[in-house]
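J.: One-letter residues, chain by chain:
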Amino acid sequence: MSDKSKGSTELAAVIQRGWFTAGALAVLTLIEYFVATSVDRPTLWLLPFIVAKGGLILEVFMHSSDLTTLDGGNA
Amino acid sequence: MAMTATPEAVHSRAEATYRPAANRLGLWLFLASETFLFSAFISSRFVVSGTDQPEHLNQGLALLLTLLLLWSSISAFRAEAAMAHDNRRLFQREILTTIVLGVLFLVGVGVEFNEALADFPANTIYGSSFFMLIGLHAFHVLTGILALGVVWNLGRLGHYGSDNHWPVEGVVKYWHFVDLMWVAIYPTLYLFGGS
Amino acid sequence: MRQLLRAVIFGILGYLVGALLTWLVRGGSLSDEVCVVFGYVVGLIGWLFGIGMGDTWIREWFGLPARESEVSGWKRYLGFSTDHKVIGVQYLATFIVVMLLGGIAALILRFELAQAGEGILNADRYNQVMSMHGILMVAVAVAAILGSFGNYLVPIMIGADDMAFPRLNAVTFWLIPPVAIGLLAAPTLGSFDSGWTAYPPLSVVNNGGQILFVLAVTTFGLSSILGGLNVITTVVTMRAPGMTWGRLPIFVWAAFAASMISLLTTQFFAASLVLIAMDRVAGTVFFNGAAGGDPLLYQHLFWFYSHPAVYVMVLPGFGVVLETITHMSRKPLFAYKAVVVSLLTIAGLSVIVWAHHMFTSGMAEYLHGPFMFATEMISVPTGVIFLSAVATLWRGKLWMKTPLFFAMTWVFQFLMGGVTGIFLADVVTDVSLHDSYFVVAHFHYTIMGGMIFAFLTGIFFWFPKITGRMINDRLGIIFALWLTIGFQLTFLPQFWLGTNGMNRRIADYPEQLEGANLFSTVAAFCLGASFLLLVYILLTGARRGPKAGNNPWNASTLEWHVSSPPPEHNFSGQPTVVGHPYRYGTAGSRHAEFAGMTAVEQIPPEQTGTGEGGDYE
Chain H
0 MSDKSKGSTE
10 LAAVIQRGWF
20 TAGALAVLTL
30 IEYFVATSVD
40 RPTLWLLPFI
50 VAKGGLILEV
60 FMHSSDLTTL
70 DGGNA
Chain A
0 MAMTATPEAV
10 HSRAEATYRP
20 AANRLGLWLF
30 LASETFLFSA
40 FISSRFVVSG
50 TDQPEHLNQG
60 LALLLTLLLL
70 WSSISAFRAE
80 AAMAHDNRRL
90 FQREILTTIV
100 LGVLFLVGVG
110 VEFNEALADF
120 PANTIYGSSF
130 FMLIGLHAFH
140 VLTGILALGV
150 VWNLGRLGHY
160 GSDNHWPVEG
170 VVKYWHFVDL
180 MWVAIYPTLY
190 LFGGS
Chain L
0 MRQLLRAVIF
10 GILGYLVGAL
20 LTWLVRGGSL
30 SDEVCVVFGY
40 VVGLIGWLFG
50 IGMGDTWIRE
60 WFGLPARESE
70 VSGWKRYLGF
80 STDHKVIGVQ
90 YLATFIVVML
100 LGGIAALILR
110 FELAQAGEGI
120 LNADRYNQVM
130 SMHGILMVAV
140 AVAAILGSFG
150 NYLVPIMIGA
160 DDMAFPRLNA
170 VTFWLIPPVA
180 IGLLAAPTLG
190 SFDSGWTAYP
200 PLSVVNNGGQ
210 ILFVLAVTTF
220 GLSSILGGLN
230 VITTVVTMRA
240 PGMTWGRLPI
250 FVWAAFAASM
260 ISLLTTQFFA
270 ASLVLIAMDR
280 VAGTVFFNGA
290 AGGDPLLYQH
300 LFWFYSHPAV
310 YVMVLPGFGV
320 VLETITHMSR
330 KPLFAYKAVV
340 VSLLTIAGLS
350 VIVWAHHMFT
360 SGMAEYLHGP
370 FMFATEMISV
380 PTGVIFLSAV
390 ATLWRGKLWM
400 KTPLFFAMTW
410 VFQFLMGGVT
420 GIFLADVVTD
430 VSLHDSYFVV
440 AHFHYTIMGG
450 MIFAFLTGIF
460 FWFPKITGRM
470 INDRLGIIFA
480 LWLTIGFQLT
490 FLPQFWLGTN
500 GMNRRIADYP
510 EQLEGANLFS
520 TVAAFCLGAS
530 FLLLVYILLT
540 GARRGPKAGN
550 NPWNASTLEW
560 HVSSPPPEHN
570 FSGQPTVVGH
580 PYRYGTAGSR
590 HAEFAGMTAV
600 EQIPPEQTGT
610 GEGGDYE
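Residue numbers (numbering that gives the first Met the number 0), protein chains in the order written: chain H, 0 to 74; chain A, 0 to 194; chain L, 0 to 616.
Because the hints were derived from the structure by calculation, they are not lab data.
Predicted, not measured: the structure shown is a model, and the values here were computed from it.
Don't be surprised by glycine CBs; every beta carbon is placed ideally from N, CA and C.
Only true hints are included.
Here are some chain L residues pointing at chain A (derived, C-beta under 8 Å):
no.: 1; residue: Ile224
no.: 2; residue: Ile231
no.: 3; residue: Leu262
no.: 4; residue: Gln266
no.: 5; residue: Leu274
no.: 6; residue: Thr283
no.: 7; residue: Val284
no.: 8; residue: Gly292
Which chain A residues stay away from chain H? Per the calculated CB distances, all over 12 Å, these:
no.: 9; residue: Leu103
no.: 10; residue: Glu114
no.: 11; residue: Leu116
no.: 12; residue: Ala117
no.: 13; residue: Ala137
no.: 14; residue: Phe138
no.: 15; residue: Gly148
no.: 16; residue: Trp151
Anything over 10 Å on all C-beta distances counts as not near chain H; from chain A, calculated:
no.: 17; residue: Ser38
no.: 18; residue: Arg87
no.: 19; residue: Arg92
no.: 20; residue: Thr96
no.: 21; residue: Val102
no.: 22; residue: Val110
no.: 23; residue: Asp118
no.: 24; residue: Thr142
no.: 25; residue: His158
Construct the entire structure; sequences and hints are all you get.
T.: Take a look at the structure:
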């Protein structure tokens with residue numbers, strides 16, 4: 000019982016992190032859109048948005064940290 | 000111990016130690032390779048038409064598609080987290096949400112294609128890049144939806160648990176990857192040309 | 000057999016379903032390229048499903064238990080086997096056959112070129128045969144070593160029981176037959192005549208055979224990507240305990256580096272061919288200059304893969320040759336660490352040199368300098384590998400058997416290929432040599448000399464392991480000498496022809512070049528005839544050769560410490576690696592210990608070399 004409730008609070012924490020990330024991505028997208036439609040030659044201005052959004056997705060959604068533990072337990 | 004071990008026993012013991020790492024690495028390598036495919040098409044767009052873009056672009060629809068895909072990312076994320084914590088009901092619901100959002104995305108792409116065919120058909124240079132890139136991405140969304148359907152069904156049949164859900168993790172990671180590619184494709188086609 | 004039959008039936012049915020549905024939807028003719036494209040795609044899926052992917056894999060996607068194939072013996076080689084050794088042999092046999100087919104095409108070309116004027120082939124037909132020869136041989140060069148020895152040896156050499164993804168591995172192989180069928184079926188749609196490079200605008204407007212070329216080669220690309228993925232994952236995650244990165248046999252390193260290239264850059268080839276298909280079928284205008292497209296885009300995308308592909312071809316060749324040389328000269332591999340660094344450096348540099356194929360294409364002038372410089376940079380790590388081969392031979396106890404003969408002729412031929420490459424890397428000389436027979440001679444020295452000779456080295460070196468029998472060594476050496484001499488006589492005159500104005504890809508030439516051409520043709524037939532001897536040697540060796548035992552070459556790496564051919568799952572106990580593989584000449588050195596297996600025999604001291612030049616730990 001307590002195990003289960005502990006599991007569900009953990010799950011809630013993980014999901015909350017996901018929501019924060021999604022919120023950040025949405026805000027970044029809207030700012031990106033705003034910048035693109037108000038600046039004249041926006042290419043360079045948009046690159047940081049791509050990097051930031053891509054980084055968030057890789058880090059939080061795609062768990063890019065698994066890449067550090069791939070060696071099959073062999074030095 | 001090893002003196003008496005049968006080959007099969009050694010085989011299965013070794014399998015258990017490398018399998019999770021091998022699965023993850025294999026998928027990451029595949030995604031790295033796919034990134035090269037997308038970057039080939041994205042760079043083609045800049046080679047043939049720079050950052051030029053036509054007057055008639057349905058910016059509202061594109062923004063809506065972006066947000067749809069983002070919403071499907073969070074539902075996919077929740078589905079994976081739910082399975083990792085053995086919450087099957089949430090898993091089933093969220094996978095289904097993701098599939099529905101993916102289908103909506105494809106419908107949106109269909110609408111977009113229909114409009115685009117009138118404004119900049121495939122035999123214009125921007126149209127070529129546009130249909131190629133959006134089409135490639137939509138194809139990946141479609142395969143993602145099929146894969147989500149497979150894990151939805153297998154989840155329903157009780158094939159997964161918190162310590163045994165690599166297919167879920169893999170499919171969700173692929174889904175996020177498709178979203179990641181959209182992060183680059185969206186400005187490439189809609190925003191770099193400016194207002 | 001049953002699987003194969005089912006695969007063929009499903010493939011044909013798939014093709015018909017795809018093509019007919021497309022035809023019903025859009026009308027037109029059944030041989031329209033759109034119908035061919037959809038037919039091919041559905042047919043390919045049907046083929047894979049029929050060959051066994053359906054039973055052993057796809058069923059699981061629907062919650063059904065997988066059905067393992069239960070055939071044994073030689074029939075495994077004709078079905079969907081997930082054993083990496085079976086797959087390695089399947090690759091080996093397939094690519095020897097493809098190589099012989101490509102060779103026949105080459106002889107037809109040389110026959111035409113024996114005299115000036117149009118002989119047996121008219122200009123169109125010549126280009127079609129030349130294109131077929133080109134793409135078949137490129138496929139052999141890309142996949143023959145990596146597919147056969149890469150699959151067969153990499154898992155055993157690192158002490159693993161199979162590849163990381165055995166079913167994917169089987170799919171990787173079974174994607175190859177549709178490629179061969181697609182290419183060989185191209186004449187039914189009018190063949191393709193744009194060479195293996197398929198440059199637009201020609202490849203967008205020529206006969207319908209081009210679409211089959213595009214589909215087949217894209218499938219082949221998929222196969223190399225998946226194969227590369229499998230090799231990398233295997234090497235990273237499945238090494239035996241103690242098999243550190245610094246103790247990997249050099250062939251494993253070479254396969255790893257080549258796999259990195261093929262995993263990533265092959266997508267660019269796929270992309271460029273998909274764009275061709277789109278331009279042909281869907282009406283896009285990527286390569287149509289009149290509508291704002293750019294044919295040079297194709298060349299950039301294409302060479303972004305196809306130059307690195309040269310290293311997909313030769314890096315495994317380097318691995319095979321260095322492996323053979325170190326074992327058969329009984330000496331440590333000279334400068335092991337430098338060789339590893341060089342292999343990885345080549346893999347890295349290979350993606351920033353592509354435009355040296357385009358010096359005369361009219362691309363932006365400012366690109367010439369950087370690409371010339373980068374190309375010449377790559378000769379530094381290549382030179383290191385070359386020096387390692389020579390320095391390992393130096394003062395070794397050379398064991399002059401067939402594999403070492405081949406490895407040594409490789410050294411000479413790769414030197415020729417490398418040195419003549421400098422003229423093509425330099426913009427000033429390339430401008431006049433481009434598109435001439437000098438280029439033809441150069442890349443035959445690098446690819447045939449660098450890759451096919453390494454492939455043959457590997458065949459002779461690992462033949463006892465794969466079949467359990469020895470070949471007739473005297474015949475092997477005769478074959479090595481015959482092939483090498485025939486090769487020089489065929490291709491040396493072509494350097495002269497190139498500098499004297501003979502163009503590539505052309506059926507006719509000025510009469511004053513006739514003498515050297517005739518000489519080259521006669522030599523080419525002599526070269527081609529030697530392959531009959533190869534087939535004879537391999538077949539008689541496999542059937543009647545003396546038993547080889549586990550370790551006929553007294554070599555140290557793991558594959559020589561299991562039976563010949565190795566048992567299922569390779570090792571009966573988990574091997575533990577305790578030392579570097581190439582410590583010949585160091586008393587008491589050992590590479591590995593085996594739990595539950597007979598102890599490793601120590602290398603007899605009279606057969607060890609001096610032990611100089613080691614560079615370990």
